[in-house]
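In case you want the letters, here they are:
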Amino acid sequence: MAGRVGVSGSAVPGRLLGPQRRHLWFWIFTGPFVLGLVVFVYVPLAWSITLSFFDSRNTVTPSHFVGLGNYAAVLTDPAFTASLATFAVFALFIVPATYVLALGLALLVHRARFAKGFFRSVFFLPTACSYVAASLIWKLSIFNGVRFGLANTVLRWFGADPVAWLSTTQPPWYWLVIVTVRLWLQAGFYLVLFLAGLQRIPGTLYEAAAVDGARPGWQTFRYITFPQLRTTSVAVVLLLVINAFQAFDEFYNLLSSAKGYPPYARPPLVYLYYVALGERQDLGIGSAGAVILALIIVVVTVAQARWFSLGRKE
Amino acid sequence: MLPSPRELPRLMLLLFLAALFGVPFYLLVRNGLATEADITAPGWTILARTWHWENVGELFADPAVPMAHALWNSAVIAVLTTGGTLLLASLAGYGLARVPYPYADQVFYAILGSLMIPSAVTFVPSFVLVSSLGWVSTLRGLIIPTLFSAFAAFLFRQYFSGFPGELEDAARVDGLGYWRTYWRIVVPNSRPVFAAVGAIVFIGSWNSFLWPLVIGQDQRAWTVQVALASFGTAQTINLHELFLAAAVSMLPLLVVFAVLQRHIVAGVERTGIDG
Numbered sequence: 682m683a684g685r686v687g688v689s690g691s692a693v694p695g696r697l698l699g700p701q702r703r704h705l706w707f708w709i710f711t712g713p714f715v716l717g718l719v720v721f722v723y724v725p726l727a728w729s730i731t732l733s734f735f736d737s738r739n740t741v742t743p744s745h746f747v748g749l750g751n752y753a754a755v756l757t758d759p760a761f762t763a764s765l766a767t768f769a770v771f772a773l774f775i776v777p778a779t780y781v782l783a784l785g786l787a788l789l790v791h792r793a794r795f796a797k798g799f800f801r802s803v804f805f806l807p808t809a810c811s812y813v814a815a816s817l818i819w820k821l822s823i824f825n826g827v828r829f830g831l832a833n834t835v836l837r838w839f840g841a842d843p844v845a846w847l848s849t850t851q852p853p854w855y856w857l858v859i860v861t862v863r864l865w866l867q868a869g870f871y872l873v874l875f876l877a878g879l880q881r882i883p884g885t886l887y888e889a890a891a892v893d894g895a896r897p898g899w900q901t902f903r904y905i906t907f908p909q910l911r912t913t914s915v916a917v918v919l920l921l922v923i924n925a926f927q928a929f930d931e932f933y934n935l936l937s938s939a940k941g942y943p944p945y946a947r948p949p950l951v952y953l954y955y956v957a958l959g960e961r962q963d964l965g966i967g968s969a970g971a972v973i974l975a976l977i978i979v980v981v982t983v984a985q986a987r988w989f990s991l992g993r994k995e
Numbered sequence: 239m240l241p242s243p244r245e246l247p248r249l250m251l252l253l254f255l256a257a258l259f260g261v262p263f264y265l266l267v268r269n270g271l272a273t274e275a276d277i278t279a280p281g282w283t284i285l286a287r288t289w290h291w292e293n294v295g296e297l298f299a300d301p302a303v304p305m306a307h308a309l310w311n312s313a314v315i316a317v318l319t320t321g322g323t324l325l326l327a328s329l330a331g332y333g334l335a336r337v338p339y340p341y342a343d344q345v346f347y348a349i350l351g352s353l354m355i356p357s358a359v360t361f362v363p364s365f366v367l368v369s370s371l372g373w374v375s376t377l378r379g380l381i382i383p384t385l386f387s388a389f390a391a392f393l394f395r396q397y398f399s400g401f402p403g404e405l406e407d408a409a410r411v412d413g414l415g416y417w418r419t420y421w422r423i424v425v426p427n428s429r430p431v432f433a434a435v436g437a438i439v440f441i442g443s444w445n446s447f448l449w450p451l452v453i454g455q456d457q458r459a460w461t462v463q464v465a466l467a468s469f470g471t472a473q474t475i476n477l478h479e480l481f482l483a484a485a486v487s488m489l490p491l492l493v494v495f496a497v498l499q500r501h502i503v504a505g506v507e508r509t510g511i512d513g
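Those protein sequence lines, which keep their order, are chains R and X. Going by my numbering, the first sequence opens with residue 682, and the numbers climb by one from there. Going by my numbering, the second sequence opens with residue 239, and the numbers climb by one from there.
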């Protein structure tokens with residue numbers, strides 16, 4: 682099927698064989714990928730959008746059309762709005778924290794004259810760790826609520842009382858655990874992005890600034906380094922927000938136990954997971970939720986790109 | 239050359255932060271090779287008094303968590319996913335960049351469009367498809383739907399667009415068609431980009447959790463991440479086994495990092511610039 686599409690493209694008599702063959706080659710190269718993308722990405726999307734208009738409990742071939750009923754059900758579900766609020770709080774912590782830490786580390790590593798490669802490797806190494814493994818270290822060793830947990834041991838050295846961390850149902854302590862695990866895991870990735878950005882800043886800018894009397898340190902950072910990192914910063918913030926929106930692994934592994942997942946601190950994907958694949962197996966509601974979340978991501982991405990490029994002088 | 243007095247505080251700060259970043263790795267080794275009593279002891283010991291290497295045997299013999307089988311599944315999935323993604327995405331990238339076709343741009347936009355919606359949000363639709371194919375709890379279901387990475391195709395397309403055309407022209411003069419030019423000239427001269435994309439896909443596949451959790455419902459289809467997670471949410475938690483399992487799960491990636499770090503860093507830089 683794919684091979685035929687190209688043939689109709691351009692057909693100059695006599696020279697037919699040339700372009701025709703080339704079109705065939707185009708589809709030999711891209712056909713398998715495009716076909717797979719259609720089958721495993723676009724078909725499921727279309728199917729899911731269809732399901733979102735039907736009563737699809739425990740079935741993928743529903744017959745009862747409910748119109749926008751599923752969408753209304755999702756949007757009025759307090760658990761769904763709570764999941765968006767959870768994401769907002771999470772993003773509010775993790776985006777600035779990662780940004781500042783990664784940029785700070787990048788500046789330190791960039792200016793170090795010793796063992797630059799070593800430091801970059803150390804900060805980058807957590808990227809090799811899975812969210813699952815890191816969450817378990819955080820949950821059962823560092824922020825274990827009992828006395829032998831590392832954080833509580835350190836608190837005891839300073840004479841403070843142990844904290845129950847994840848076992849408290851009230852914020853803020855579980856947020857500290859959730860945010861620091863992601864911070865540790867992803868800081869190195871963004872550090873590498875910032876280092877690449879720092880290397881692209883021409884050295885002549887700093888020389889010119891020195892001639893103009895700018896003091897090294899805050900002034901050069903404020904007027905040269907930071908503005909020059911603009912493209913990198915935009916990319917980093919965008920990636921941070923989108924990745925925070927998709928958070929699942931650390932929430933699931935930090936908060937769920939043999940008794941299940943607590944009713945609070947459920948970000949959007951955790952909500953979706955339990956609605957679509959939990960006891961209710963409600964694929965109609967789940968699909969409606971997925972469509973709404975996908976729309977939110979598209980809108981956020983486009984808005985952020987627009988907003989950042991509006992201020993850019995080009 | 240010694241650090242100057244002005245640099246010394248910055249160097250100390252870096253060393254301190256580096257040590258802080260190393261703490262979780264240290265905890266894995268310390269707790270993984272300790273006894274349960276050592277871990278839960280009230281006073282903190284830097285390292286367990288004796289290393290308990292027999293913990294390794296205990297972990298793999300534990301019937302509650304099929305660690306060996308999960309490692310095998312993860313290895314098979316990560317290797318096939320990486321190989322398949324590299325093959326499909328590089329071919330597509332080359333076709334888009336180098337084989338003329340009047341609607342190449344439209345095809346490219348159709349691929350880019352799927353990038354707008356992150357795969358994590360579409361796990362419900364994908365689950366619907368995979369379950370109706372009867373692929374739940376199978377390696378097929380864990381691997382095939384993840385092979386079509388628009389992002390990898392995009393990276394390859396950008397890379398091949400900048401590939402020196404003289405090399406291909408020379409091959410053309412020698413009578414090689416697109417297919418043989420690709421395999422004999424283009425691929426051997428593009429090893430770094432294959433290493434970078436391959437390493438990133440491998441790491442992503444090995445560490446992925448949501449999709450294997452959704453699809454690997456049967457214990458036989460558990461990946462190492464799903465096995466770890468079930469460890470962590472079990473009724474009774476065997477701490478030293480769990481930490482050892484986490485350490486073991488990380489070993490293959492530490493090897494990948496040691497061998498390919500230069501390429502991975504280059505790949506991440508590319509990711510960020512285009513992302």
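Watch out, some of these pointers could steer you wrong.
[Stated by the list, open to error] Footprint (simulated), chain R over chain X, 3 or more residues, beta carbon under 8 Å:
| hint | region |
| --- | --- |
| 1 | 319-330 |
| 2 | 428-442 |
| 3 | 467-476 |
Calculated from the structure, these hints are not laboratory results. The model shown is predicted, which means the values in this text are computed figures rather than measured ones. The C-beta atom is built at its ideal place from N, Cα and C for all residues, glycine as well.
Cross-check of the supplied hints:
For the region 319-330 of chain X, the stated coverage by chain R is satisfied: 4 residues place a CB nearer than 8 Å to a CB of that chain, which reaches the threshold of 3. Counting residues of the region 428-442 of chain X whose C-beta sits closer than 8 Å to any C-beta of chain R gives 1, which falls short of three, so the coverage hint is violated. Given as covered by chain R, the region 467-476 of chain X passes the check, having 7 residues with a CB less than 8 Å from a CB of that chain where 3 are the minimum.
This entry does not satisfy hint 2, going by the numbered hints stated previously; all others are met.
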